[in-house]
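**Q** Construct the entire structure; sequences and hints are all you get.
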Amino acid sequence: MKKVDIVIIGGGPAGLAAALGAKDAGIENIIILEREQYLGGILNQCIHNGFGLHVFKEELTGPEYAARYEERVKQAKIPYLLNTMVLDITRDKKVMAVNRDGLLEIKAEAVILAMGCRERPRGAINIPGRRPVGIYAAGTAQKFVNIDGFVPGKEVVVLGSGDIGLIMARRMTFEGAAVKAVVELMPYSGGLKRNIVQCLDDFGIPLKLSHTVTQIKGGERLTGVTIARVDENLKPIPGTEEDISCDTLLLSVGLIPDNELSRNAGIALSNITGGPVVDESLQTSVEGIFACGNTLHVHDLVDFVSAESEQAGKNAAEYVRGKRPRPDGGITLSTKGGVRYAVPASIDPGNVSDKIDIRFRVSNVFKNRYVAVYFDDTRLKRHRRLILTPGEMETLTLTKAEFEKYPDARSITIALEE
Amino acid sequence: MEITCIACPLGCAIKVTLEGGKVVDIQGATCKRGEEYAKLECLSPKRMVTSTVTLIGSPLRRLPIKTEHPIPKSKVMDVARALLGVEINAPVSIGDIVAENICDTGVNMVATRHALAISTKNEAIN
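For the protein sequence lines, the chains are A and B, in the order given. First residue of the first sequence: 103, per the numbering used here; consecutive thereafter. First residue of the second sequence: 2, per the numbering used here; consecutive thereafter.
What the hints contain is simulated information worked out from the structure, not anything from laboratory work. One or more hints might be untrue.
Once the Cα atoms are required to be at most 27 Å apart in a straight line, the calculated BS3-like pairs of lysine-lysine come out as [what the hints assert, rightly or not]:
hint, chain 1, residue 1, chain 2, residue 2
1, B, K33, A, K295
2, B, K40, A, K159
3, A, K195, A, K104
4, B, K76, A, K483
5, B, K23, B, K76
6, A, K282, B, K33
7, B, K74, A, K282
8, A, K176, B, K33
9, B, K23, A, K310
10, A, K469, B, K33
11, B, K33, A, K159
Remember, predicted model here, so these are calculated numbers, not experimental data.
**A** Right, dumping it as structure tokens:
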């Protein structure tokens with residue numbers, strides 16, 4: 103059995119940054135396991151620009167951002183295996199993988215989970231009707247068009263207005279398809295304003311807010327969908343139905359952290375984020391197993407994935423060298439008043455070197471609110487925000503000095519206040 | 002002209018009044034960045050175009066590309082159409098020019114991914 107200090111599951115943006123973080127912190131014996139035939143993960147199919155403004159201070163496309171990290175990993179001589187699929191991870195950090203050479207067993211001192219996320223499929227949203235050809239998750243269609251070179255249809259309806267759906271509306275338009283509408287259940291879009299303007303408005307594609315698909319039509323191939331307006335309880339309103347003919351329906355209805363391997367290893371998962379419950383070191387409920395990137399919680403900016411994952415790599419390195427003791431409890435982090443979740447779930451101030459970033463999301467669109475931080479019942483600070491939306495991840499930083507002000511704190515709460 | 006601001010999630014509806022090709026009034030912006038964006042978007046709206054072209058002789062089928070700089074918004078669909086059916090031979094490196102002066106915009110389309118040639122396929126996938 104091969105022995106390594108740190109094994110990293112996944113060679114996408116999270117895995118690459120985690121590897122670099124671990125290497126920078128002085129760990130040499132690392133291996134990245136990637137199931138695709140190239141590094142870079144989902145970035146390779148995200149050919150649009152807008153990546154890297156925080157990390158590289160310039161706007162790159164997805165493949166360019168991936169190439170920069172790939173280059174750094176190669177320069178750092180960090181070993182990686184492509185076409186290698188991890189089958190199992192155990193609590194004592196044995197990793198079993200398979201590739202063309204057969205089975206591979208690795209015993210690691212630490213494991214970093216960087217598997218990314220998956221798309222919610224049709225089955226998760228219960229659209230009634232037939233099951234014809236022509237219904238795809240938007241990211242799957244993105245792979246067809248940008249990697250495989252197949253355009254999945256000529257007349258398109260997109261359900262869900264997350265960024266992938268918006269980007270694909272423009273992408274299909276460029277490939278000569280007619281995009282008839284983007285249909286969004288909620289009264290607001292989960293996508294960036296920039297994408298609504300540049301992917302829909304620029305091409306006159308209607309965005310139908312508070313609408314959903316109520317019927318799928320067709321035999322072998324999709325021939326159309328029925329859409330309807332929804333009420334405040336998100337139920338279709340009878341009499342508002344409208345038929346749209348199309349041969350393709352793209353679903354952009356959310357992403358789910360990929361955690362089959364984590365579940366098998368007995369790692370505790372959050373039922374809000376779908377990712378592992380982690381402490382301040384991004385360590386999961388199983389000692390020595392860390393998580394970062396979209397496996398941990400779904401991000402909207404890759405720059406934040408890189409930053410978080412580099413930190414996970416550093417933390418794992420310190421853990422391997424015995425310099426990062428597993429916390430005994432720590433301060434519990436909870437949320438209320440419109441804050442849907444925060445990562446991490448607990449913080450041991452002893453493991454915070456100078457500051458720690460807390461990432462969170464809100465549950466609705468809020469205007470003119472304060473983001474407040476409480477240590478037990480005492481408000482430490484609050485910042486006014488003009489707008490907060492569910493589609494944009496928020497960051498809040500706590501400093502070592504702030505923790506030192508409240509040495510006996512048992513809980514930290516993040517809340518929105520008027 | 003009505004502009005939806007993209008500077009932040011507020012998405013302010015900004016009304017820009019033009020007279021003789023000059024901005025004389027801006028209403029509805031809640032910040033300086035928004036005013037600047039609205040002005041630019043009215044006078045000379047520009048966009049980056051990203052797409053893919055067919056790649057010949059590489060283990061990759063498609064080569065992602067982009068305009069080197071933003072181009073006038075009015076030319077975006079012309080560029081998209083001009084790229085349909087374009088084929089490029091591997092090997093290609095990031096930054097290589099795929100199409101010069103696309104649609105007379107004065108802007109080149111460049112590769113955004115490295116693509117090795119098929120003879121080095123094993124190297125590419127190992």
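**Q** Taking the hints in turn, state whether each one holds.
**A** Hints, one by one, checked against the model:
A threshold of 27 Å between alpha carbons decides the hint, and for B:K33 with A:K295 the separation of about 17 Å falls inside it, so the pair holds. Under the criterion of a C-alpha separation no larger than 27 Å, the hint pairing B:K40 with A:K159 is consistent with the structure, at around 24 Å. Of the pairs offered as hints, the one joining A:K195 and A:K104 holds, with about 12 Å between alpha carbons and a cut-off of 27 Å not exceeded. For the given pair, B:K76 sits about 49 Å from A:K483 by alpha-carbon distance, which is inconsistent with the 27 Å threshold.
For the given pair, B:K23 sits about 22 Å from B:K76 by alpha-carbon distance, which is consistent with the 27 Å threshold. Taking the CA atoms of A:K282 and B:K33, the gap is about 35 Å. The hint is violated against a cut of 27 Å. The hinted pair formed by B:K74 and A:K282 meets the criterion: a straight-line CA distance of about 21 Å does not exceed 27 Å. Taking the CA atoms of A:K176 and B:K33, the gap is near 43 Å; set against the 27 Å cutoff, the hint is violated.
A hinted pair counts as satisfied when its Cα atoms are at most 27 Å apart, and B:K23 with A:K310 does not qualify at roughly 34 Å. Of the pairs offered as hints, the one joining A:K469 and B:K33 holds, with about 19 Å between alpha carbons and a cut-off of 27 Å not exceeded. Straight-line distance between C-alpha atoms of B:K33 and A:K159 comes to about 21 Å, which keeps the hinted pair within the 27 Å bound.
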